[in-house]
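K.L.:
Spelled out from the first residue to the last, the chains are:
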Amino acid sequence: MRPTDFACVVLFVLLVLPLFAGAEPALSPDLLERPFPSSDSPSLSLADVRRDRELLVVTFFSASCPCQRAHDPRLIDLAKAFGDRVAFVAVDAAATASLEIARREKERRNYPFPILVDPEGVLADALDARFATYSVVLDTAGRVRYAGGIDDDRNRLRPDARLHLRDALLALLAGKDPDPARTKVFGCFLRR
Amino acid sequence: MSRCRSNEHRRSLGLLAGLVLALLPEPGRAQACCAGAIAGQLGRLALHEEALVGLTLRAERTLGSFGDDGAYRPYGSEALLFEESLFGNVRLGERVQASAFVPLVQNHVRTRREWGFGGGLGDVQLSARYDFLFAGESVRIPGIAVLAGLGLPTGRAPEETTHPLGVEATGRGGVRAWGGLAIEQGFGPAFAQLQALLLHDVRRSADGREYGGRWGYDASLLLGASLPSELTLALVARLEAQPEGARHLWRLGMSGGYPLRSWRLQAGFFLDPPFDGLGRNENVRLGIHLAVTRTWT
Chain A
1 MRPTDFACVV LFVLLVLPLF AGAEPALSPD LLERPFPSSD SPSLSLADVR RDRELLVVTF
61 FSASCPCQRA HDPRLIDLAK AFGDRVAFVA VDAAATASLE IARREKERRN YPFPILVDPE
121 GVLADALDAR FATYSVVLDT AGRVRYAGGI DDDRNRLRPD ARLHLRDALL ALLAGKDPDP
181 ARTKVFGCFL RR
Chain B
1 MSRCRSNEHR RSLGLLAGLV LALLPEPGRA QACCAGAIAG QLGRLALHEE ALVGLTLRAE
61 RTLGSFGDDG AYRPYGSEAL LFEESLFGNV RLGERVQASA FVPLVQNHVR TRREWGFGGG
121 LGDVQLSARY DFLFAGESVR IPGIAVLAGL GLPTGRAPEE TTHPLGVEAT GRGGVRAWGG
181 LAIEQGFGPA FAQLQALLLH DVRRSADGRE YGGRWGYDAS LLLGASLPSE LTLALVARLE
241 AQPEGARHLW RLGMSGGYPL RSWRLQAGFF LDPPFDGLGR NENVRLGIHL AVTRTWT
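Protein sequences appear in the order of chains A and B.
Note that the working numbering gives residue 170 to position 170 of the first sequence, counting from 1, and the numbers run on in steps of one.
Note that the working numbering gives residue 145 to position 145 of the second sequence, counting from 1, and the numbers run on in steps of one.
Think of the hints as simulated: they come from the structure by calculation, not from any bench.
On a predicted model such as this, the values are computed, not experimentally measured, just so you know.
There could be a bad hint or two in this list.
Here are the simulated distance ranges between beta carbons [said to hold, decoys possible]:
#, chain 1, residue 1, chain 2, residue 2, range
1, B, Leu-133, A, Arg-53, 46 to 56 Å
2, B, Ala-177, A, Ala-81, 37 to 47 Å
3, B, Trp-296, A, Asp-179, 17 to 27 Å
4, B, Ala-98, A, Pro-25, 52 to 62 Å
5, B, Gly-188, A, Asp-84, 50 to 60 Å
6, B, Trp-296, A, Glu-33, 36 to 46 Å
7, A, Thr-96, B, Leu-286, 50 to 60 Å
8, A, Arg-158, B, Pro-243, 23 to 33 Å
9, A, Asp-179, B, Gly-213, 39 to 49 Å
10, A, Ala-81, B, Glu-84, 42 to 52 Å
11, A, Asp-160, B, Leu-271, 35 to 45 Å
12, B, Gly-245, A, Arg-104, 56 to 66 Å
Virtual Cβ for every residue (Gly too), placed ideally from N, Cα, C.
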């Protein structure tokens, strides 16, 4: 390839890239339908969890992360408050994830939603999840409408924390785009 | 009198109860997340932090010294060092941290015949850290980081002092460069870090004499744990040696860290164990430090 051709290709890529910047990533229908071992029944897919609800919140989970434990009450409150219109699911994507851990932790934490077991990190890879408590809101088409932290609070659950996930759900249910749609996550690494 | 003593007892019991309560788990709270940086190393950014600035106060007392034969000899005089340092650290991208450390140093020495007090700006340190893999990122592989730094001769060198006790000396007099590796891993609330640095004092000459030009190393093992009250404690054992100069010294320390929303409190102490064979051609010191750090996420 001549240098001028190479320069044209680079220029084309640079010009075209911004067109994709605003595109919302989406989970493929295969992944939405793919069953994972679950704390609640032998296996569940994300579509099974969502059923006919408008939105699905997928929160990546770590059994050993203190930040996860700190955020449990807020996550449970959200699931109870929005449960009619929004489905919630936790995904244990650590390499050590197991059905036994999922069942034990769901019972210990009184989660009103299932924990899916994904030790291969299929969902984590698809949704760019690296940290526990990382939460993604998917719409009916499987598009990612919000991704990030549950709030801007690391572990102290202070009253003036910005409740990012709750605000995103309120905006989406009102037919608006969440602002911000991407936030920072405070959580431990998902051990892969 | 007895009432006074009873008040003292009550105060002591109150303090003890406060300490116990601080260490007990509290409902609705949790351990500090990803706490390796909280207690162990001053001025290091924790996983979710983008920048920090802090102030540390340090006080050291020289207890004695190890001779060329490795025997410990107590110091007959009083030698104290105080240091107030400003430090800052900023994250560049996800895996790089760059930090600066600016110390102000004061020395106080008193012998039977004379005493002296002096000080000034110490040696400014610039350092960087690159985390190839963060601790906890992998189940099998521990966190691995490359460290590098430079100590600049901004302080006053020992040979530049005029006081007979050399109390104005606040620096090494030459450039010191270092580089090395840190390996660390978390095990639930506990964490361990092994660090090895290669040190080099750049050669310099002053008053017709040659200084520096020697290599050394600094190796340390840190073991720590996050308590349920978010307090993080760490124990550290460190060996600094300069084989060419026939110098080495063991140092033991303990430190604690406590996060307060956007702030972090750290405190600790260290001791160079004054036992024969645990050092050579080095002073033996006992020290404490206290640091307050403002962090940004």
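K.L.:
Hint says 35 to 45 Å; check whether the CB-CB distance for A:Asp-160 and B:Leu-271 agrees.
P.N.:
holds, 42 Å
K.L.:
At the C-beta level, are B:Trp-296 and A:Glu-33 separated by a distance inside 36 to 46 Å?
P.N.:
Because 42 Å falls inside the window, the suggested range holds.
K.L.:
Quick check on a hinted range of 17 to 27 Å for B:Trp-296 and A:Asp-179, using CB atoms only.
P.N.:
holds, 22 Å
K.L.:
Does the Cβ pair A:Arg-158, B:Pro-243 satisfy 23 to 33 Å?
P.N.:
violated, 52 Å
K.L.:
Confirm or reject the claim that A:Thr-96 and B:Leu-286 have a C-beta distance inside 50 to 60 Å.
P.N.:
Taking Cβ atoms as reference, A:Thr-96 and B:Leu-286 lie about 43 Å apart, which means the hint is violated.
K.L.:
With respect to the beta-carbon atoms only, verify the hint that A:Ala-81 and B:Glu-84 lie 42 to 52 Å apart.
P.N.:
At 50 Å between Cβs, range holds.
K.L.:
Is 52 to 62 Å respected by the C-beta to C-beta distance linking B:Ala-98 and A:Pro-25?
P.N.:
Since the Cβ atoms of B:Ala-98 and A:Pro-25 sit about 32 Å apart, the hinted range of 52 to 62 Å is violated.
K.L.:
Looking only at beta-carbon atoms, does the pair A:Asp-179, B:Gly-213 fall within the given range of 39 to 49 Å?
P.N.:
violated, 60 Å
K.L.:
Is the hinted range of 50 to 60 Å satisfied by the C-beta distance from B:Gly-188 to A:Asp-84?
P.N.:
violated, 37 Å
K.L.:
Between B:Gly-245 and A:Arg-104, does the beta-carbon spacing fit 56 to 66 Å?
P.N.:
Distance hint for B:Gly-245, A:Arg-104 holds at roughly 57 Å.
K.L.:
Taking 46 to 56 Å as the hint, is the beta-carbon distance of B:Leu-133 and A:Arg-53 inside that range?
P.N.:
Because 39 Å falls outside the window, the suggested range is violated.
K.L.:
How does the Cβ-Cβ distance of B:Ala-177 and A:Ala-81 compare with 37 to 47 Å: does it lie in that range?
P.N.:
Given about 57 Å between the Cβ atoms, the range is violated.
Violated hints, in rising order: 1, 2, 4, 5, 7, 8, 9; the structure is consistent with all others.
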